[in-house]
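Taken in order, these protein sequences are the chains called D and U.
Using my numbering, read the first sequence as starting at 1 and increasing by one per residue.
Using my numbering, read the second sequence as starting at 1 and increasing by one per residue.
Among the hints, a few may not be true.
What the hints assert, rightly or not - Using 35 angstroms as the maximum straight-line C-alpha spacing, the simulated DSBU-like pairs for lysine-lysine come out as follows:
no., chain 1, residue 1, chain 2, residue 2
1, D, K369, D, K65
2, U, K65, U, K369
3, U, K369, U, K19
4, D, K369, U, K65
5, D, K19, D, K369
6, U, K369, U, K16
7, D, K65, U, K65
8, D, K369, D, K16
9, D, K65, U, K369
Unchecked claim - Distance windows between CB atoms, simulated:
no., chain 1, residue 1, chain 2, residue 2, range
10, D, G207, U, R198, 51 to 57 angstroms
11, U, P106, D, G131, 44 to 50 angstroms
12, D, R349, U, E83, 34 to 40 angstroms
13, U, G312, D, E316, 57 to 63 angstroms
14, U, A67, D, A31, 20 to 26 angstroms
15, U, G312, D, P347, 57 to 63 angstroms
16, U, P339, D, D68, 44 to 50 angstroms
Don't read these hints as lab results, they were simulated from the structure.
From the three backbone atoms N, C-alpha and C, an ideal C-beta is built for every residue, glycine too.
Listed here are the chains, written in short residue letters.
Protein chains: 2
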Amino acid sequence: MSELSEVSALSELVEKAQKLDAADELRGKRAEFVLDAAPGDPAGPAGVYLDGNSLGALPAHVPEKVADVVRRQWGELRIRSWEESGWWTAPERIGDRIAPLVGAAPGQVVVGDSTSVNVFKALVAAVRMAGEGRDEIVVDATTFPTDGYIAESAARLTGRGLRAVLPDDVPGAVGDRTAAVLLNHVDYRTGRLHDLPRLTAAAHAAGAVAVWDLCHSAGALPVGLDEHGVDLAVGCTYKYLNGGPGAPAFLYVRRDLQDRFDSPLPGWNSHAEPFGMRPEYRPAPGAPRGRVGTPDILSMLALEAALDVWEGVSMEAVRAKSLALTDFFLECVEAYVPPGRVECLTPLRHEERGSQVALRCDDAGDVMKRLIARGVVGDFRPPDVLRFGFTPLYVGFADVERAARVLGETVGA
Amino acid sequence: MSELSEVSALSELVEKAQKLDAADELRGKRAEFVLDAAPGDPAGPAGVYLDGNSLGALPAHVPEKVADVVRRQWGELRIRSWEESGWWTAPERIGDRIAPLVGAAPGQVVVGDSTSVNVFKALVAAVRMAGEGRDEIVVDATTFPTDGYIAESAARLTGRGLRAVLPDDVPGAVGDRTAAVLLNHVDYRTGRLHDLPRLTAAAHAAGAVAVWDLCHSAGALPVGLDEHGVDLAVGCTYKYLNGGPGAPAFLYVRRDLQDRFDSPLPGWNSHAEPFGMRPEYRPAPGAPRGRVGTPDILSMLALEAALDVWEGVSMEAVRAKSLALTDFFLECVEAYVPPGRVECLTPLRHEERGSQVALRCDDAGDVMKRLIARGVVGDFRPPDVLRFGFTPLYVGFADVERAARVLGETVGA
Numbered sequence: 001m002s003e004l005s006e007v008s009a010l011s012e013l014v015e016k017a018q019k020l021d022a023a024d025e026l027r028g029k030r031a032e033f034v035l036d037a038a039p040g041d042p043a044g045p046a047g048v049y050l051d052g053n054s055l056g057a058l059p060a061h062v063p064e065k066v067a068d069v070v071r072r073q074w075g076e077l078r079i080r081s082w083e084e085s086g087w088w089t090a091p092e093r094i095g096d097r098i099a100p101l102v103g104a105a106p107g108q109v110v111v112g113d114s115t116s117v118n119v120f121k122a123l124v125a126a127v128r129m130a131g132e133g134r135d136e137i138v139v140d141a142t143t144f145p146t147d148g149y150i151a152e153s154a155a156r157l158t159g160r161g162l163r164a165v166l167p168d169d170v171p172g173a174v175g176d177r178t179a180a181v182l183l184n185h186v187d188y189r190t191g192r193l194h195d196l197p198r199l200t201a202a203a204h205a206a207g208a209v210a211v212w213d214l215c216h217s218a219g220a221l222p223v224g225l226d227e228h229g230v231d232l233a234v235g236c237t238y239k240y241l242n243g244g245p246g247a248p249a250f251l252y253v254r255r256d257l258q259d260r261f262d263s264p265l266p267g268w269n270s271h272a273e274p275f276g277m278r279p280e281y282r283p284a285p286g287a288p289r290g291r292v293g294t295p296d297i298l299s300m301l302a303l304e305a306a307l308d309v310w311e312g313v314s315m316e317a318v319r320a321k322s323l324a325l326t327d328f329f330l331e332c333v334e335a336y337v338p339p340g341r342v343e344c345l346t347p348l349r350h351e352e353r354g355s356q357v358a359l360r361c362d363d364a365g366d367v368m369k370r371l372i373a374r375g376v377v378g379d380f381r382p383p384d385v386l387r388f389g390f391t392p393l394y395v396g397f398a399d400v401e402r403a404a405r406v407l408g409e410t411v412g413a
Numbered sequence: 001m002s003e004l005s006e007v008s009a010l011s012e013l014v015e016k017a018q019k020l021d022a023a024d025e026l027r028g029k030r031a032e033f034v035l036d037a038a039p040g041d042p043a044g045p046a047g048v049y050l051d052g053n054s055l056g057a058l059p060a061h062v063p064e065k066v067a068d069v070v071r072r073q074w075g076e077l078r079i080r081s082w083e084e085s086g087w088w089t090a091p092e093r094i095g096d097r098i099a100p101l102v103g104a105a106p107g108q109v110v111v112g113d114s115t116s117v118n119v120f121k122a123l124v125a126a127v128r129m130a131g132e133g134r135d136e137i138v139v140d141a142t143t144f145p146t147d148g149y150i151a152e153s154a155a156r157l158t159g160r161g162l163r164a165v166l167p168d169d170v171p172g173a174v175g176d177r178t179a180a181v182l183l184n185h186v187d188y189r190t191g192r193l194h195d196l197p198r199l200t201a202a203a204h205a206a207g208a209v210a211v212w213d214l215c216h217s218a219g220a221l222p223v224g225l226d227e228h229g230v231d232l233a234v235g236c237t238y239k240y241l242n243g244g245p246g247a248p249a250f251l252y253v254r255r256d257l258q259d260r261f262d263s264p265l266p267g268w269n270s271h272a273e274p275f276g277m278r279p280e281y282r283p284a285p286g287a288p289r290g291r292v293g294t295p296d297i298l299s300m301l302a303l304e305a306a307l308d309v310w311e312g313v314s315m316e317a318v319r320a321k322s323l324a325l326t327d328f329f330l331e332c333v334e335a336y337v338p339p340g341r342v343e344c345l346t347p348l349r350h351e352e353r354g355s356q357v358a359l360r361c362d363d364a365g366d367v368m369k370r371l372i373a374r375g376v377v378g379d380f381r382p383p384d385v386l387r388f389g390f391t392p393l394y395v396g397f398a399d400v401e402r403a404a405r406v407l408g409e410t411v412g413a
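Bound conformation, chain D alone (with noise of 0.2 angstroms):
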C-alpha cells in the first residue's frame, strides 16, 4: 500500500469505528469495567484488552461487594453467614444466575470446582447413564487439553476406550458401542465455534451422552441448552462472565437426567441431607447433587457480584456485536498488517466462529510480548498462534481499529 492510501485507509477506518461505536446498543456497558490505561504506552489512548477470552475485566462494583463479603460476612457474621448471608445455597443461586446466559431453565446449573473437576464429573456420569454395554468415550481431538487429560482419566477409572475424533468426524465416528462424546463449543486455539445442534443430533443418534465444554461460549453467544437437547455441559466463568481469576466452574445436567446422575464425587455437600452426617450416601435431587466440598466463597460471590452485568443484555445483541467486532477486525488487519505476514485460523463465516481472532505468524511469541509492551493484551498459544479475544460488553470498535494498527506496526516494522 502506498503511504497516501494508508493515510487514507486509516482515516476511513478510524471513521467507521466513531460510527460503529456510535451505534453500538451496548457501549453503555463498557463504563460497567474497570479499563485503566495500559502501561506501556503513556501517551497512547487507553490500553485494549482483548484477553478476556482467558481472564475478563473487573465490572467496577465487584470490590466493594469483596470487601463486605470479607469485613462483615466473615469477619462479624462469621459461621452465621453460612445461612444469614446465603452461603450455603450459593452454587445453585449463581448457577441460576448463569443458566438464561447458556439457554437453560433454572435448577439444571450449579457452580463449583474448577472445569476440569466439572468434566471429571460430568463424564464419569455421562458413561454411567449410558450403561455397561458401550465401552468408549469419544473425545474433542482439538479440545483444550485438560478436558482429553480428564476424559482419559475417566475412561481408565470406568474401564471404557478413548477415542479422539475431530469434531467434523464425530457424526461419522459415534455408534452403538459409543458412551459419550466430549466436546469444546468453541476450539479455545482457532476460535472455531462447532455447530452444537448437529453434533449433539449425531450423539443422540448414536445413544451416546453428549457432553459440551463451554468455556469459550459461555457469555459469548447463544448456546441453547435446553433448546438443543444437550446432556451435560460445563463451562469457565471467569473468561466471558467476568468472575474473576480461577472463579468457579459451572456445570449443567438436564432436568430429566438428574436423577441419574451418580457423581463421581459425591461430597457432602451434594447430600440429601448434608447436616444430618449420616454415614451412608443419599443424593440430593435437582441441581446441588452436582456439589462435592464445601464452596470457596470469596471467589463465588465474586463472580456472583459480577454477574450483574448481565441485567438487561440480550445474548443476541452480544452476538451481534461480537461477530461485527470479529469482522471490523479482519477489515482493519487486512488494511493495516502487510500480505502474507501472518495468516487467520478463525472461520471466516459467521457460523463458524466464536469470539475470538487467531492469527499464526512464526514469531507470535515475540510479538504478542511487543504488542503487550504497546498497551495490546492478547495472548500467545505455542507454538505460533496470537489469540484477540473480544468481549462485546467492553470491548468498543475503536479499540479493535487501534489493536489491529499497533498490529500492523509491530509485524510491519
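Following the hints, put chain U in place on chain D, whose structure we already have.
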C-alpha cells in the same frame, strides 16, 4: 451448690482466668484478629467465638490484601498477574507456608480444590501405589461423612472393597489385602485425637498406604507428617488456619512417593509443561502434580495473607495453650453446669484430645441456639452434640470462663 459457694466459685474462676491470660505467651496474637462484640448480648462483653473449628475468625490484615488482589491484580494487571502477581505458583507457594505447620519439609504440600476432592485424589492414588494385589480400602468408621462417601466412590472406581473400621481396631484389621487406610486425625464430633504415629505404623506394617485427614488438627496441634512417615494427607484451611470461608484445601504427598502419585484428576495445571498445550499428559514432578485446574485465586490469596498470623508461633505453644483452654473449660463447666445436665464426649486424657470439647445433651440444638443468642458461638452436630472449638491464637481464658458460665445459665434456667 449453694448460692454462696456459687459466688465463690465464680470469683475464683474469674480470677484464675485473669492469671492464665496474663501468663499466656500467645495473648498478643489475639489483636491480629477481628473479634467484635457479638450481637444479641449488647450489655455484655465481646462475644465468645468458639467455632474456629468450623470457620476461623478473620485476621485483621486480610481485607486489605484481598482488596489489592481484586482492584490492582485483577482490575489493573489482569491477565499479567498470572506471572507478575505470582498467581500461577500460588498453590505450591502457599503449600510451603502450610508445610511447617503440619511438620512437613518444603515441596510436599500443594493447595487447591476442596477437602473432598483432595480425599479423592489421595485415596485413588494410594490404591494405585499399593498395587493390584490389594483389594480393600479401610476407612475410619467414625469419619466425617464426606470422607466415607468419597472413599466409597474411590473403591467403586478402582474395583476395591470398602471396610469401615474403628480407628482403635485398625491395627488388628489391616492385612495383606489392605491397599489404603483413610483416617481422621481428630474426630469431628467428639474431638478425640487419634494416635497418628501408631496407626500409621500399623498401616505400614501391613504394607498399606496411610492417608490422613487433618481437617481438625492442622493449626491446632503438632502433626509431624514427615517425622511419622505419613504417606498422604489432606486438610482444610478454613478452620484453625483461618483461611476464610471455603478456602482451598491442601494435599501432602511424601517426597519419595511423589513420582508414584498417579492422580485420578490429571488437569492441565499438573502437567509438566502446562502451557505446552500438548494432547499427551505428562505429570509434573513434585507437589504441583497434585494440582488440577485453574486455582481460585481470590480464596487462595486470602488464605496466603491469613497465614501471616503464624509468624513466630510454635505449634508446641499452640498445643500447650489448647490443652490449657480445654482443661479450663471442663473445670468451669463442672463448676457452673448442674451435675448430669451434659455429658462430656471428649477424652480427658491429653494425648487423646484435639482442640475442641463436645458435650452431649438431649436438647443440644435448642441449647446452642440460646447460647448463640447470648453471644457464645459454638455449633450443634445432630442429634445431640454441642461442639466448642478453642483456637489458641485468639481465644483467651476469660472467654472460656464466660462461655461456660453462660452455658450454665442457659441449661440451668
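So, going through the hints one by one against the coordinates:
At most 35 angstroms may separate the alpha-carbon atoms for a hinted pair to count; D:K369 and D:K65 meet this at roughly 34 angstroms. Distance check on the hinted pair: U:K65 and U:K369 sit about 34 angstroms apart at the alpha-carbon level, within 35 angstroms; holds. Taking the CA atoms of U:K369 and U:K19, the gap is near 31 angstroms; set against the 35 angstroms cutoff, the hint holds. The hinted pair formed by D:K369 and U:K65 meets the criterion: a straight-line CA distance of about 29 angstroms does not exceed 35 angstroms.
Between D:K19 and D:K369 the alpha-carbon distance is near 31 angstroms, which keeps this suggested pair within the 35 angstroms criterion. The hinted pair formed by U:K369 and U:K16 meets the criterion: a straight-line CA distance of about 28 angstroms does not exceed 35 angstroms. For a cut-off of 35 angstroms, the pair hint linking D:K65 to U:K65 stands: about 15 angstroms separates their Cα positions. The straight-line distance between the Cα atoms of D:K369 and D:K16 is roughly 28 angstroms, inside the 35 angstroms bound, and the hint therefore holds.
Among the hinted pairs, D:K65 with U:K369 is consistent with the structure: their alpha-carbon atoms are about 29 angstroms apart, no more than 35 angstroms. Distance hint check for D:G207 and U:R198: the Cβ-Cβ separation is about 53 angstroms, which falls inside the suggested range of 51 to 57 angstroms. One distance hint, 44 to 50 angstroms for the beta-carbon pair U:P106 and D:G131, holds here, with the actual separation near 47 angstroms. Separation of D:R349 from U:E83 is about 36 angstroms and conforms to the stated range, judged on CB atoms against 34 to 40 angstroms.
About 59 angstroms separates the C-beta atoms of U:G312 and D:E316, a value consistent with the hinted range of 57 to 63 angstroms. Checked against the hint of 20 to 26 angstroms, the C-beta distance between U:A67 and D:A31 comes to roughly 21 angstroms, which is consistent with it. Distance hint for U:G312 and D:P347: a CB-CB separation of about 60 angstroms, consistent with the stated range 57 to 63 angstroms. Hint check: U:P339 to D:D68, Cβ distance near 46 angstroms, so the stated range 44 to 50 angstroms holds.
Of the numbered hints listed earlier, not one is contradicted by the structure.
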